[in-house]
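Novice: So the chains spell out like this:
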Amino acid sequence: MSGLTSRHIISMDDLTAADITTVLDTAESFKEVNERRIKKLPTLRGRTIINLFLEPSTRTRTSFEIAAKRLSADAINMTGSASATVKGESLRDTAKTLSAMACDLIVVRHAYAGAPQVLTECMDAHVINGGDGRHQHPTQALLDLFTIRQHAGRLAGLRVGIVGDICHSRVAGSLVPALRTVGATPVLIAPPTLLPARPDVLGAEVAPSLDEALPELDVVYLLRVQMERAAGMPFPSLREYARFWGMNEARLSSARPELLVMHPGPMNRGVEISSAVADSPRAIVLDQVNAGVAVRMAVMYLLLGGEGGGAAA
Amino acid sequence: MALLLKGGRIVDPEAGIDRVADMVVRDGLIVEIGEDLAIPKGQTIECAEKVVVPGLVDLHTHLREPGREDKETVASGTRAAAHGGFTAVCAMPNTAPVCDTGSAVRFLVERAEETGSVRVHPLGALTAGQKGEALAEMGDMLAEGAVAFSDDGRGVQDAGMMRRCMDYAKAFGAVVVSHCEDESLAGSGVVNEGVVSTRLGLAGQPAAAEETMVARDIALAELTGCRLHLAHLSTAGSAELVRAAKARGVAVTAEVTPHHLFLDEDAITPAYETGLKMNPPLRTAADREALVEALLDGTIDCVATDHAPHAPHEKELEFELAPFGTTGLETALSLMITHLVEPGRMDWADLVRVMADGPRSAFGLPEVRFEPGAVADITVIDPEARVEVRREWFVSKSSNSAFLGATLLGKATDVLVGGRFALKNGKVVD
Chain A
1 MSGLTSRHII SMDDLTAADI TTVLDTAESF KEVNERRIKK LPTLRGRTII
51 NLFLEPSTRT RTSFEIAAKR LSADAINMTG SASATVKGES LRDTAKTLSA
101 MACDLIVVRH AYAGAPQVLT ECMDAHVING GDGRHQHPTQ ALLDLFTIRQ
151 HAGRLAGLRV GIVGDICHSR VAGSLVPALR TVGATPVLIA PPTLLPARPD
201 VLGAEVAPSL DEALPELDVV YLLRVQMERA AGMPFPSLRE YARFWGMNEA
251 RLSSARPELL VMHPGPMNRG VEISSAVADS PRAIVLDQVN AGVAVRMAVM
301 YLLLGGEGGG AAA
Chain B
1 MALLLKGGRI VDPEAGIDRV ADMVVRDGLI VEIGEDLAIP KGQTIECAEK
51 VVVPGLVDLH THLREPGRED KETVASGTRA AAHGGFTAVC AMPNTAPVCD
101 TGSAVRFLVE RAEETGSVRV HPLGALTAGQ KGEALAEMGD MLAEGAVAFS
151 DDGRGVQDAG MMRRCMDYAK AFGAVVVSHC EDESLAGSGV VNEGVVSTRL
201 GLAGQPAAAE ETMVARDIAL AELTGCRLHL AHLSTAGSAE LVRAAKARGV
251 AVTAEVTPHH LFLDEDAITP AYETGLKMNP PLRTAADREA LVEALLDGTI
301 DCVATDHAPH APHEKELEFE LAPFGTTGLE TALSLMITHL VEPGRMDWAD
351 LVRVMADGPR SAFGLPEVRF EPGAVADITV IDPEARVEVR REWFVSKSSN
401 SAFLGATLLG KATDVLVGGR FALKNGKVVD
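Here the protein sequences come in this chain order: A and B. Using my numbering, read the first sequence as starting at 1 and increasing by one per residue. Using my numbering, read the second sequence as starting at 1 and increasing by one per residue.
Derived by calculation from the structure, the hints in this document are not laboratory data. Among these hints, one or two may not hold up.
Unchecked claim - Pulled from the structure, derived: some chain B residues nowhere near chain A, Cβ distances all over 12 Å:
(1) G153
(2) V195
(3) E388
To be verified - For each label pair, taking beta carbons as the anchor points, the in silico distance ranges come out as:
(4) B:L296 / A:H151: 51 to 61 Å
(5) A:G265 / B:P343: 47 to 57 Å
(6) B:P343 / A:R239: 55 to 65 Å
The model shown is predicted, which means the values in this text are computed figures rather than measured ones. By construction, the Cβ of each residue, glycine as well, lies at the ideal position given by its N, Cα and C atoms.
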């Protein structure tokens, strides 16, 4: 069982193509465990994992918690808000405090980019970035790769269209470099108000429109539209967004028959994805969620160097 | 008391001098420059292998007093200035409370007389409370000793308000200093909009956030006839706008900071170094080179530090939460020597132009000319000295320098302010 190149997973740039393959292969065996009646392994018994979620999250936190518990680690959830650490204790002091409690691995979700890096600087524990600001969310990208590989049978050579709020999306922030590392081609599709300043430095193609890009795509990945922002909306209305950047049945007919439709959840039905598409066999959204637990088990296992009999013992 | 500066290379392009000579200072004034001078009694400072220049002036210093004396005070900031070779600093008005009244200016003037190591020239706010809504009492502040006016830190957003400021300032012949940042474009940006904002997932400020304001304020200078000085230019486009304005004869001057001359956004890595978070942000390598060119060809008149001291606990926050700014007083001269004088892109006369004469002329401060009768504001530089930029190097209360870890060439060894030592043999004189 080989470990990973890096002792932390902060961004997809920390992982080589070989690392990604290791994670996905390890996750395969954990996925099998997750299908058993007894879903628990003793692998990380006695290890302490803290889920430090300083930004609201239910899905990701639950997924990490389940992953830790299925490996028999002691998983503790800490929630709060990044603004509380501003007014009260600094993130550095929080990190040092948790380090003093001798935790082995910390998963951090934070509203500001670079926060996981701060943790690596002031604690001994391994750090997994559970999403930092608009920067990265590497375990999401890993579970997405796992799901694509599961359905398409490969990753290299695929064209993956990423549609929507790319410049504010840490999901895209990790998925784009992840696809590049495994030899797939990310294609960004969004109104220019939602594109990053320099998509070229990410090595992504930018498509002029969803309709033009769609026939060539193997995967279409729909990002969640942030409905909360009222003032300064980057598009005039949800209706108009759905018309030009939403995935619907009419568009499905112009796509390849084997097109995979993905979404990081939670979905806004009728905006970025129509109900018909969301419920169609092309949509593999729940497979992504399912893969999430196995992939997070894999990275915890690989970082903590779980011992004894391999992953699926 | 008499003082003999012996055998230094005396450089002052305004006085047409660049030669090895002796200089005699008596009662705060330069009395003689010549060969083989001697004084019957007094002190002799050996200046062989050193360069003697008119005292350096920083147009852009945040002294933080009153309000944030934990970061810097008039005393500590002026000691840092002396350490860096400056004989005068211009104090920005964004203190707490804002320096927007005559009495606030008087406080600073008196504080500088009591505790300052070098001269302090206060700037007053352009608008009351720097809120951009109503004129501040500029006449009153001028009468108390203000040298220019600025809402530095938060530019005046409303063009009509800026026009009113410039029209009114013109009544007193005052210089208006513009912090060029359109907040509707800069938004919550913490780095340059481009490669780094994309890679690090940080909100970016586009170059246009600065350039549209530079263009606006140049147009307003033409409209009003008010003297305009543009603070901390950071983009190639801004430099080009100033170049074109000067060619048309607009009364505009401009400054650039050492960090915009010698650092660019590529320095900001996934380690999210908050020491490199500034406003305006570090721009591209192409911008940096264009700014150097603009400084060399005279489009940009002077170097100003934007010395922005911050407490360690503030800079140790997450990048998006950490305050903007780097200290600059104690590294500016060494950076200029290391990157421009030593490689031969600039000679010593150019250095005097951009760090002594240019700043004085931009704000209309009294000239310091190396000729008999002139005020003895003098900086003596050892061009061969090495400076290791470490936290311990700084005399400032703060050490949030973007250049920590650098090794630089050249530093000030002695600073005379009105003939009195503020720095002697590399040590600040109290």
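Novice: Taking the hints in turn, state whether each one holds.
Specialist: Results for each hint:
no.: 1; hint: G153; verdict: 20 Å, holds
no.: 2; hint: V195; verdict: 5 Å, violated
no.: 3; hint: E388; verdict: 23 Å, holds
no.: 4; hint: B:L296 / A:H151: 51 to 61 Å; verdict: 60 Å, holds
no.: 5; hint: A:G265 / B:P343: 47 to 57 Å; verdict: 56 Å, holds
no.: 6; hint: B:P343 / A:R239: 55 to 65 Å; verdict: 60 Å, holds
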